[in-house]
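*Asks:* Sequence:
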Amino acid sequence: MVVLALGCDPWVGVDVERLDRSVRPLEVADRFFSPFEVDGLRSLPTERHRDRFLALWTLKEAYIKARGMGLALPLRDFSFSPDASPPSVRFEPSLGDDESRWRFERVDLDSGHRVAVAAKVPRLTVHVSRIDLEALASHVGLPHTAGAV
Numbered sequence: 283m284v285v286l287a288l289g290c291d292p293w294v295g296v297d298v299e300r301l302d303r304s305v306r307p308l309e310v311a312d313r314f315f316s317p318f319e320v321d322g323l324r325s326l327p328t329e330r331h332r333d334r335f336l337a338l339w340t341l342k343e344a345y346i347k348a349r350g351m352g353l354a355l356p357l358r359d360f361s362f363s364p365d366a367s368p369p370s371v372r373f374e375p376s377l378g379d380d381e382s383r384w385r386f387e388r389v390d391l392d393s394g395h396r397v398a399v400a401a402k403v404p405r406l407t408v409h410v411s412r413i414d415l416e417a418l419a420s421h422v423g424l425p426h427t428a429g430a431v
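Numbering (this note's numbering), first residue to last: 283 to 431.
Since the hints were made in silico from the structure, they are not lab data.
Fair warning: this is a prediction, and the values are worked out from it, not measured in the lab.
All C-beta atoms, glycine included, are put in the ideal place defined by N, C-alpha and C.
Some hints here could point you the wrong way.
Using C-beta positions, here's what the derived DEER-type ranges look like [to be verified]:
#1 D291 to S367: 20 to 26 Å
#2 L353 to V422: 31 to 37 Å
#3 S304 to S382: 33 to 39 Å
#4 P317 to A366: 15 to 21 Å
#5 A417 to S382: 40 to 46 Å
Input sequences plus hints: build the corresponding full structure.
*Replies:* In structure tokens, the structure reads:
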């Protein structure tokens, strides 16, 4: 799978996760998430932990990729409200960032993948297109790509 985010500004990040990935939501959240996010996760029934965890994780990953700093940004220093539409964020003052300048979107591509996009823009529009890799390779004149991803 390839996920591509395009923008006129360099402040764009994207993350994709498999929904069936092995994860211990509460253990990872306790280590990396803000207290607000951990409290929200713990308040849910156990069967909803994985879904909420992945919603938060993809949003956090998209943001740190957009900032270009990766895990150098402390994940505890910003909190998402993933159920808001669009998702909203709150930054700790230590990040030196402004919530009002960021836009976030979450998309479930199919029954097996979740994507989050972060962009420092006044407005964010997400378009999802599925492109068959064989057809794309053929269109641009590349040799047969069986098995290539």
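*Asks:* Take the hints in turn and mark each one as holding or not.
*Replies:* Quick rundown of the hints versus the structure:
1. At about 23 Å, the CB distance of D291 to S367 agrees with the hint of 20 to 26 Å.
2. The beta-carbon spacing between L353 and V422, approximately 35 Å, falls within the hinted interval of 31 to 37 Å.
3. Between S304 and S382 the beta carbon distance is about 37 Å. The supplied range of 33 to 39 Å therefore holds.
4. A beta carbon spacing of about 18 Å between P317 and A366 agrees with the range 15 to 21 Å that was offered as a hint.
5. For the pair A417 and S382, the beta carbons lie near 41 Å from each other, so the given range of 40 to 46 Å is met.
This entry satisfies every hint, going by the numbered hints stated previously.
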